[in-house]
Amino acid sequence: MIIAVTNLKGGVGKSTLARNIAVYFAQQGEKACIIDTDIEQRTTCDWRARREGETDLQIDVFPMSSVDGLVNDVKTHQSNGYRVIILDGVPQLEKVTTKMILLSNFLIIPITPSIDDLKSFERFLKRYEDAKMVKPEIPAFLALNRFSHNAESCEMKEALSLFERYGITSLHSVINERVAHKRSSKYGLTALEWEDPKAKAEIEELCQEIETRLIEKMEAA
Numbered sequence: 006m007i008i009a010v011t012n013l014k015g016g017v018g019k020s021t022l023a024r025n026i027a028v029y030f031a032q033q034g035e036k037a038c039i040i041d042t043d044i045e046q047r048t049t050c051d052w053r054a055r056r057e058g059e060t061d062l063q064i065d066v067f068p069m070s071s072v073d074g075l076v077n078d079v080k081t082h083q084s085n086g087y088r089v090i091i092l093d094g095v096p097q098l099e100k101v102t103t104k105m106i107l108l109s110n111f112l113i114i115p116i117t118p119s120i121d122d123l124k125s126f127e128r129f130l131k132r133y134e135d136a137k138m139v140k141p142e143i144p145a146f147l148a149l150n151r152f153s154h155n156a157e158s159c160e161m162k163e164a165l166s167l168f169e170r171y172g173i174t175s176l177h178s179v180i181n182e183r184v185a186h187k188r189s190s191k192y193g194l195t196a197l198e199w200e201d202p203k204a205k206a207e208i209e210e211l212c213q214e215i216e217t218r219l220i221e222k223m224e225a226a
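Anchor point for the sequence shown: position 178 equals 183 in the numbering used here, and the numbering is continuous, going up by one each time.
One thing to keep in mind: the hints can contain errors.
Stated by the list, open to error - Pairs of lysine-lysine residues, derived as DSSO-like cross-links and limited to a Cα-Cα distance of at most 27 Å, are as follows:
{"no.": "1", "residue 1": "K137", "residue 2": "K222"}
{"no.": "2", "residue 1": "K162", "residue 2": "K137"}
{"no.": "3", "residue 1": "K203", "residue 2": "K187"}
{"no.": "4", "residue 1": "K80", "residue 2": "K222"}
{"no.": "5", "residue 1": "K140", "residue 2": "K222"}
{"no.": "6", "residue 1": "K222", "residue 2": "K131"}
{"no.": "7", "residue 1": "K205", "residue 2": "K191"}
{"no.": "8", "residue 1": "K162", "residue 2": "K124"}
{"no.": "9", "residue 1": "K222", "residue 2": "K205"}
{"no.": "10", "residue 1": "K222", "residue 2": "K36"}
To be verified - Okay, the calculated beta carbon distance ranges per label pair:
{"no.": "11", "residue 1": "G58", "residue 2": "E169", "range": "42 to 52 Å"}
{"no.": "12", "residue 1": "N77", "residue 2": "E35", "range": "20 to 30 Å"}
{"no.": "13", "residue 1": "Y192", "residue 2": "E35", "range": "18 to 28 Å"}
{"no.": "14", "residue 1": "Q83", "residue 2": "D201", "range": "29 to 39 Å"}
{"no.": "15", "residue 1": "Y192", "residue 2": "Y171", "range": "36 to 46 Å"}
{"no.": "16", "residue 1": "K124", "residue 2": "T174", "range": "13 to 23 Å"}
{"no.": "17", "residue 1": "N77", "residue 2": "S166", "range": "31 to 41 Å"}
{"no.": "18", "residue 1": "Q46", "residue 2": "D201", "range": "22 to 32 Å"}
{"no.": "19", "residue 1": "S84", "residue 2": "K124", "range": "32 to 42 Å"}
{"no.": "20", "residue 1": "V184", "residue 2": "A54", "range": "15 to 25 Å"}
{"no.": "21", "residue 1": "L130", "residue 2": "E200", "range": "29 to 39 Å"}
{"no.": "22", "residue 1": "E216", "residue 2": "Q83", "range": "11 to 21 Å"}
{"no.": "23", "residue 1": "A206", "residue 2": "T60", "range": "14 to 24 Å"}
{"no.": "24", "residue 1": "G58", "residue 2": "D135", "range": "38 to 48 Å"}
Derived from the structure by calculation, the hints contain no laboratory data. Quantities reported herein were computed from a predicted structural model and do not represent experimental measurements. A virtual CB, placed ideally from N, CA and C, is assigned to each residue, including glycine.
Construct the complete structure from the given sequences, taking the supplied hints into account.
Quick look at the structure:
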């Protein structure tokens, strides 16, 4: 199973969500890995290095060899027994984003409750629509991140339903703005492995919903 976590907008929590999803599936006993597509920054590779000595749970992170080599990267990791491969997306590189969409069995699009994110999402939507001309069935889900219980956030949550006409469903679970995500990342961990029970519960709920959607997709295939 290939899960792409991507959006052309930076700062929406792609890497944080990708890491949490990988840890969740690893905790369920799946052999999971992450491909870090950020060729310049390698932030998730750095996160993996910080895990050393902090936990016994193995999460392998591999750098993308190149934009054109991403397909072969995925095939290599599949042949090495990884049942769940998370593609950690990078902002601004539209070519990478299109490849990720086409490669994935399941697409997660993090978005924060701001008008800027909503507007920038139109660029991503164009990539998604172009990809669907090549591969019509691409299950895609919006994950609302850094949610705060104010009028703007609630309006944004309602607005996400507008994208259902494009075949993009909004997940019911939301991730609230919590310091646990930054603090856990400092040690190469995730909210699932941190001391904040509320942050952990939110991530568990989101990942369980993703898992349920995956099962539904496989049963429908």
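Taking the hints in turn, this is what the structure says about them:
| no. | hint | in the structure |
| --- | --- | --- |
| 1 | K137 x K222 | holds (17 Å) |
| 2 | K162 x K137 | holds (25 Å) |
| 3 | K203 x K187 | holds (15 Å) |
| 4 | K80 x K222 | holds (21 Å) |
| 5 | K140 x K222 | holds (16 Å) |
| 6 | K222 x K131 | holds (24 Å) |
| 7 | K205 x K191 | holds (16 Å) |
| 8 | K162 x K124 | holds (14 Å) |
| 9 | K222 x K205 | holds (26 Å) |
| 10 | K222 x K36 | holds (20 Å) |
| 11 | G58 x E169: 42 to 52 Å | holds (45 Å) |
| 12 | N77 x E35: 20 to 30 Å | holds (22 Å) |
| 13 | Y192 x E35: 18 to 28 Å | holds (23 Å) |
| 14 | Q83 x D201: 29 to 39 Å | holds (34 Å) |
| 15 | Y192 x Y171: 36 to 46 Å | holds (38 Å) |
| 16 | K124 x T174: 13 to 23 Å | holds (20 Å) |
| 17 | N77 x S166: 31 to 41 Å | holds (38 Å) |
| 18 | Q46 x D201: 22 to 32 Å | holds (26 Å) |
| 19 | S84 x K124: 32 to 42 Å | holds (41 Å) |
| 20 | V184 x A54: 15 to 25 Å | holds (22 Å) |
| 21 | L130 x E200: 29 to 39 Å | holds (38 Å) |
| 22 | E216 x Q83: 11 to 21 Å | holds (19 Å) |
| 23 | A206 x T60: 14 to 24 Å | holds (19 Å) |
| 24 | G58 x D135: 38 to 48 Å | holds (44 Å) |
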